[in-house]
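S.K.: The lines below spell out each chain.
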Amino acid sequence: DSGVTQTPKHLITATGQRVTLRCSPRSGDLSVYWYQQSLDQGLQFLIHYYNGEERAKGNILERFSAQQFPDLHSELNLSSLELGDSALYFCASSPLQTSYEQYFGPGTRLTVT
Amino acid sequence: GQNIDQPTEMTATEGAIVQINCTYQTSGFNGLFWYQQHAGEAPTFLSYNVLDGLEEKGRFSSFLSRSKGYSYLLLKELQMKDSASYLCAVRDEQAGTALIFGKGTTLSVSS
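In order, the protein sequences belong to chains S and U.
FYI, the numbering for the first sequence is 1 to 113, going by the working numbering.
FYI, the numbering for the second sequence is 1001 to 1111, going by the working numbering.
Hints are computed from structural coordinates only; laboratory data are not their basis.
Incorrect hints may have been included.
[Stated by the list, open to error] Quick list of in silico lysine-lysine cross-link-like pairs, BS3-like style, CA-CA up to 30 Å:
1) U:Lys-1068 with S:Lys-9
2) U:Lys-1068 with U:Lys-1103
3) U:Lys-1068 with U:Lys-1057
4) U:Lys-1076 with U:Lys-1103
5) U:Lys-1068 with S:Lys-57
6) S:Lys-57 with U:Lys-1103
7) S:Lys-9 with U:Lys-1081
8) U:Lys-1103 with U:Lys-1057
9) U:Lys-1081 with U:Lys-1103
10) S:Lys-57 with S:Lys-9
11) U:Lys-1057 with U:Lys-1076
12) U:Lys-1057 with U:Lys-1081
[What the hints assert, rightly or not] Computed footprint of chain U on chain S, listed as stretches where at least three residues anywhere in the stretch have a Cβ under 8 Å from a Cβ of chain U:
13) 9 to 19
14) 22 to 29
15) 73 to 87
[Claimed, not checked] Over the 12 Å line for every Cβ pair with chain U, so calculated as not near, a few chain S residues:
16) Asp-1
17) Ser-2
18) Val-4
19) Gln-6
20) Tyr-33
21) Gln-37
22) Arg-63
23) Phe-64
24) Pro-70
Note that beta-carbon positions come from the ideal geometry of N, C-alpha and C, so glycine has one too.
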């Protein structure tokens, strides 16, 4: 158990819908990263927040957005969902912005039908 | 941009040694990582190299050559529980402290 929690564990929804994935980092960790893992693309970096501020963006679609709240939990919002958005979404946390080790949560499996 | 290559699949037997190679191309290299991921589970950290050379941690070792853009993960005394996907990842200055992952190598260990 990494200490990172993600909810929900599974999510099934229809195309065109909007969902919110939630991540609580390890106690005291200020950095939260979001990753998407699909069968064909592997694990891809989406976005990084540090202490409430966006620090870096990866291959995140415009339909996706995220934020980190004052209590350091983070939410990833996915809208206008498409079949291709079906994937495992992981968040990871680390203590500082420059810390090298990232601790991954158990992931949310999103299925878009 | 970044490009990371590793073999898709490897097989080995219990007790053997296996080496998983990873080659990478980045514009601002800032560290190489190996993660282990069992099917349907979260990736777990195995090793980190930022300088050339070998880092040993129990049955696992990782090697880095920055001039060649090359790393390998060495697993000794293989056990059935080592059957998993092994992900090579780099940290690139363009992505800040985020990790850029290869597609992973699925290792199957048989008895």
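S.K.: Each hint: holds or not?
M.R.: Hints, one by one, checked against the model:
1. U:Lys-1068 with S:Lys-9: violated, 41 Å
2. U:Lys-1068 with U:Lys-1103: Holds, because 20 Å separates the two Cα atoms, which is no more than 30 Å.
3. U:Lys-1068 with U:Lys-1057: This hinted pair holds, its Cα atoms lying about 23 Å apart.
4. U:Lys-1076 with U:Lys-1103: Distance ~23 Å between Lys-1076 of chain U and Lys-1103 of chain U Cα, so the pair holds.
5. U:Lys-1068 with S:Lys-57: It holds: about 28 Å lies between the C-alpha atoms, which stays within 30 Å.
6. S:Lys-57 with U:Lys-1103: holds, 20 Å
7. S:Lys-9 with U:Lys-1081: Judged against 30 Å, a Cα distance of about 24 Å means the pair holds.
8. U:Lys-1103 with U:Lys-1057: holds, 24 Å
9. U:Lys-1081 with U:Lys-1103: holds, 21 Å
10. S:Lys-57 with S:Lys-9: Cα-Cα ~24 Å, so holds.
11. U:Lys-1057 with U:Lys-1076: holds, 11 Å
12. U:Lys-1057 with U:Lys-1081: The given pair, whose Cα atoms are some 17 Å apart, holds under the 30 Å limit.
13. 9 to 19: Since 0 is below three, the answer is violated.
14. 22 to 29: The restraint on the stretch 22 to 29 of chain S is violated, since only 0 of its residues have a Cβ under 8 Å from chain U and three are required.
15. 73 to 87: violated (count 0)
16. Asp-1: Asp-1 of chain S not clear of chain U: closest Cβ-Cβ about 10 Å, inside 12 Å.
17. Ser-2: violated, 7 Å
18. Val-4: Check fails; 8 Å does not lie beyond 12 Å.
19. Gln-6: It is violated; Gln-6 of chain S is separated from chain U by about 9 Å at its closest Cβ, not greater than 12 Å.
20. Tyr-33: Violated, because the least Cβ-Cβ distance between Tyr-33 of chain S and chain U comes to about 6 Å, which does not exceed 12 Å.
21. Gln-37: violated, 9 Å
22. Arg-63: Consistent with the label, Arg-63 of chain S stays out of reach of chain U, its closest Cβ about 20 Å off (over 12 Å).
23. Phe-64: Its Cβ never comes within 12 Å of chain U, the nearest being 15 Å, so this holds.
24. Pro-70: holds, 21 Å
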